[in-house]
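Participant: One-letter residues, chain by chain:
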Amino acid sequence: MRVIARSFLAFLRAAIGVMVQYRGEIFLWAVWGLINPTVLYLMWSAAAESNVDQTLAGFDRGQFAAYYLCIMIIGHFTTAWDAYELGYFIRSGALSPKLLRPILPIWDSLAQNLAYKIVTLAFVAPAWAVFFFFVRPAFEAVPWQVLLGIVAVMMAGALNYLLGYVVALVAFWSPKLDAVGETYFGIAMIFGGRFAPLATMPPILYDIAWVLPFRWMFAFPAELLMGRIASLEAALSGIGIQFAWLAAAIILFRIGWSAAVKRYTAVSG
Amino acid sequence: MTQIQVDNLCKTFRVPEREGGFRASVRSIFRRRYRQVHAVDHVTFSVERGEIVGFLGPNGAGKTTTLKMLSGLLHPTEGACTVMGHVPWRREPAYLRRISMLMGQRSQLAWDLPALDSFLVHAAVYDLPKRQYQETVEELIDLLDIRDVLKKQVRTLSLGERMKCEICVSLLHRPEVLFLDEPTIGVDITMQARIRAFVADYNKRYGATIILTSHYMADVTALCKRIIVIDHGKILFDGRLDELSARLAPFKVIKIDLDREIDGYDFSSLGDVLLREARKVLLQVPKRATPTITDRLLRELPVLDLTIEDPPIEDVIARAFGQRRSSDENPGGEATAASGKAGKEFP
Amino acid sequence: MSLRPLKLIWLYFKVNIQNLAAYRFDMYMRIVVSIMHLISELMVVWIIFTGTQNVRGWQWQHMLVLVGVYRMVAGGIRIAIVPNMRKLLEDIREGSLDFALMRPVNTQFLISIREIVVYRVVDMILGLCVAAFGCYKLTGQLPLDEAILFAVLLAAGFVIVYGVWLILGTLCFWFIRVQNIEMVFWNVFEAGRFPIVIYPPGVRWTLTYLIPLAFITTVPAAALIGQESMLTPNAPIWAILMAVAMFIVSNRFWRFGLRHYSGASA
Numbered sequence: 001m002r003v004i005a006r007s008f009l010a011f012l013r014a015a016i017g018v019m020v021q022y023r024g025e026i027f028l029w030a031v032w033g034l035i036n037p038t039v040l041y042l043m044w045s046a047a048a049e050s051n052v053d054q055t056l057a058g059f060d061r062g063q064f065a066a067y068y069l070c071i072m073i074i075g076h077f078t079t080a081w082d083a084y085e086l087g088y089f090i091r092s093g094a095l096s097p098k099l100l101r102p103i104l105p106i107w108d109s110l111a112q113n114l115a116y117k118i119v120t121l122a123f124v125a126p127a128w129a130v131f132f133f134f135v136r137p138a139f140e141a142v143p144w145q146v147l148l149g150i151v152a153v154m155m156a157g158a159l160n161y162l163l164g165y166v167v168a169l170v171a172f173w174s175p176k177l178d179a180v181g182e183t184y185f186g187i188a189m190i191f192g193g194r195f196a197p198l199a200t201m202p203p204i205l206y207d208i209a210w211v212l213p214f215r216w217m218f219a220f221p222a223e224l225l226m227g228r229i230a231s232l233e234a235a236l237s238g239i240g241i242q243f244a245w246l247a248a249a250i251i252l253f254r255i256g257w258s259a260a261v262k263r264y265t266a267v268s269g
Numbered sequence: 270m271t272q273i274q275v276d277n278l279c280k281t282f283r284v285p286e287r288e289g290g291f292r293a294s295v296r297s298i299f300r301r302r303y304r305q306v307h308a309v310d311h312v313t314f315s316v317e318r319g320e321i322v323g324f325l326g327p328n329g330a331g332k333t334t335t336l337k338m339l340s341g342l343l344h345p346t347e348g349a350c351t352v353m354g355h356v357p358w359r360r361e362p363a364y365l366r367r368i369s370m371l372m373g374q375r376s377q378l379a380w381d382l383p384a385l386d387s388f389l390v391h392a393a394v395y396d397l398p399k400r401q402y403q404e405t406v407e408e409l410i411d412l413l414d415i416r417d418v419l420k421k422q423v424r425t426l427s428l429g430e431r432m433k434c435e436i437c438v439s440l441l442h443r444p445e446v447l448f449l450d451e452p453t454i455g456v457d458i459t460m461q462a463r464i465r466a467f468v469a470d471y472n473k474r475y476g477a478t479i480i481l482t483s484h485y486m487a488d489v490t491a492l493c494k495r496i497i498v499i500d501h502g503k504i505l506f507d508g509r510l511d512e513l514s515a516r517l518a519p520f521k522v523i524k525i526d527l528d529r530e531i532d533g534y535d536f537s538s539l540g541d542v543l544l545r546e547a548r549k550v551l552l553q554v555p556k557r558a559t560p561t562i563t564d565r566l567l568r569e570l571p572v573l574d575l576t577i578e579d580p581p582i583e584d585v586i587a588r589a590f591g592q593r594r595s596s597d598e599n600p601g602g603e604a605t606a607a608s609g610k611a612g613k614e615f616p
Numbered sequence: 617m618s619l620r621p622l623k624l625i626w627l628y629f630k631v632n633i634q635n636l637a638a639y640r641f642d643m644y645m646r647i648v649v650s651i652m653h654l655i656s657e658l659m660v661v662w663i664i665f666t667g668t669q670n671v672r673g674w675q676w677q678h679m680l681v682l683v684g685v686y687r688m689v690a691g692g693i694r695i696a697i698v699p700n701m702r703k704l705l706e707d708i709r710e711g712s713l714d715f716a717l718m719r720p721v722n723t724q725f726l727i728s729i730r731e732i733v734v735y736r737v738v739d740m741i742l743g744l745c746v747a748a749f750g751c752y753k754l755t756g757q758l759p760l761d762e763a764i765l766f767a768v769l770l771a772a773g774f775v776i777v778y779g780v781w782l783i784l785g786t787l788c789f790w791f792i793r794v795q796n797i798e799m800v801f802w803n804v805f806e807a808g809r810f811p812i813v814i815y816p817p818g819v820r821w822t823l824t825y826l827i828p829l830a831f832i833t834t835v836p837a838a839a840l841i842g843q844e845s846m847l848t849p850n851a852p853i854w855a856i857l858m859a860v861a862m863f864i865v866s867n868r869f870w871r872f873g874l875r876h877y878s879g880a881s882a
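Residue numbers (our numbering), protein chains in the order written: chain A, 1 to 269; chain B, 270 to 616; chain C, 617 to 882.
Rather than coming from a laboratory, the hints here were simulated on the basis of the structure.
The reader is advised that the hints may include incorrect statements.
To be verified - Derived DSS-like pairs: lysine-lysine, alpha-carbon spacing no greater than 30 Å straight-line:
no. : chain 1 : residue 1 : chain 2 : residue 2
1   : B       : Lys-473   : B       : Lys-494
2   : B       : Lys-524   : B       : Lys-549
3   : B       : Lys-399   : A       : Lys-98
4   : C       : Lys-703   : C       : Lys-623
5   : B       : Lys-503   : A       : Lys-262
6   : A       : Lys-117   : B       : Lys-420
7   : B       : Lys-494   : B       : Lys-556
8   : A       : Lys-117   : B       : Lys-421
9   : B       : Lys-556   : B       : Lys-503
10  : B       : Lys-494   : B       : Lys-524
11  : A       : Lys-98    : A       : Lys-117
12  : B       : Lys-473   : A       : Lys-98
13  : B       : Lys-473   : B       : Lys-399
14  : B       : Lys-421   : A       : Lys-98
15  : B       : Lys-399   : B       : Lys-421
16  : B       : Lys-524   : B       : Lys-556
17  : A       : Lys-98    : B       : Lys-420
Using the sequences and the hints given, assemble the complete structure.
Facilitator: Next comes the structure, spelled out in structure tokens:
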């Protein structure tokens, strides 16, 4: 454990060094995380204003603004790209040196991920502020909701990272498989509530969203942060469910990783 | 003390069959055929502690595949192997901490950072105590003469400088067993010599066991007393360097100095004439015929001096491999060669 | 005019088909992903119109047409424009553009046809089906009368995108490190998945005349729907003018960049 902590800090420091050098380029990646929620916010507020009572599924313009600002922030803290990158590492042979180290490669990747989030915060946080002042979102959150919301966002980040990595493991069986990552990402966009708040969904989709982990990564922390989850009980049980999913993800990762390494050492090296 | 024990190690790959032509490739969009390639085929050997062993063989012979199995990157199809009592492909951290593998074509250094930063990461991953790290790194920096390049971004370094940094990082945890896969590839001749000297020095200093593969004969002749020649996944020769030519080359080279010039003597009926000067002849003859031919030459010519030598080791190796494959050049490089082309020209 | 350009295109087309074989599984998966993308876009429409009847005058049938057109354009861009520009950027970065420059063919033509990702046609077909279905639901018949105008506007849209890409690619002669330039494009293109009318007036004007995104998705979709009110006044004329202008400007800029490039590397 101590070795992992020490290694992780070293990875993180090195990764921040690299990210700072490439700040211009990673900034362009971060921009998508700003544009997409903004476009969707404009879309939904236009839709709400087309209705007679100016609301849609209980959201008015200001609430859509609050929701999408939260989604924007959560989207930043849950970004993960291993599903795209791992296949490249396998194809190019860059994975081999990583496997020769006496530590799981996921720690290195996680450090890279965290470094990206820390460095790009310098660009995206001002953009959030601009959104906040110009679009005037209607936040109704009280302090405990915000506090638990922050916990929920961190849990969401961990959960999305780990599940994304599990999906990325498919690359060990077919390294050209960026497609699986994209499919996963698309499903998470819809059923996580990033395209549309869950409340606006037709009943079938809403029910499907309940049994998938994605709503706990996006919609739940967003609703908590904007103050839509009124009861403490609902908030705490939501975080409990996040924990349960995280535990499941850890188990999946352990099984998946050992199978993946077995596969790698059988065919590619 | 035996440190590496390899018994009947085999590795078989299944690779897609590639056919040329428009029609064939359209067909293979829908259906693909595979064939088995025996990259490593029942290989057995053992290595003592402190030995330096050279692996020789053409591209795709199975050298890298063998090293990958020894370092735990590949699981064998068949056979057994222990290194310092560990089974490599179990990949226990305790084992990984005791070995190192340097791949000339893969980098362990972060491309965009100074090498020193990668060293620090390495120290953390291998949990080196601060004192020990400082000591080792200082020593290696001096030995490799890389103090000036440590603070430059790795991507700005020359190939030779980068390779020295790669060597440095892979030795930071003082591995007891070191696998060097093409450590001098693409590096200029003076740098090759320095890397060689360094490897020999490391071996002496720490008594480390080293297995080395290289395209450059000089690497092997300078460093390794013992050589294992692999081709088509099989061991052709395992023994001392000086025995190699005796065993593999069915030829001897007879060097003759003549007392006076002679005309019209038909040397070419006796063997290949390598050199023909006024009073000097180099003649390559089949090994078994050497005594008779020597006898004849001494009887028929005014010989001043006659010596019998083994042919140069490069020629021996080239000949040994050349007999079965005329063109073994593989544009895909070693890694794909190991999995892809190994069996293609197999008779 | 000889047939040589066509022959060249056919040749590159054949080479690209052969490449498919090497990555066939990847191809299958990408087709699956295309379908997934389409499904998710349809779901978004479904979700939006669960809660409302129309968005600034756009009903669900209209939106279906737009989804189809968006997918057609996104697919079309990926057939030839994006792959060729990727290759161009790679060539500039690695200095291998010289090979293309030495060929006895118009360089701009050559760098625009080298890579053709054939299976992306699936996107265009799927998109067309969805768009046609949307029109059918609206009027009870297929929009055959509008088809010609639609095709012209779609082609104009592609020319505009091509011009934008050529300009972005040419920029790399000066700024070699702009590797993520593709992200810039897709980031802006993202805004085209919804009708231009949802945006506030300032953004709408920018996306129409400054960054002509409106002419790439909304305008062709509106033409296919065929209702006068949907189409911005004079939009077809503007679209064609814009396409011609983009083509000329990008070509000039490309030639300017090329002169700079050969001047610098000589």
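Participant: Flag every earlier hint the structure violates by its number, smallest first.
Facilitator: none
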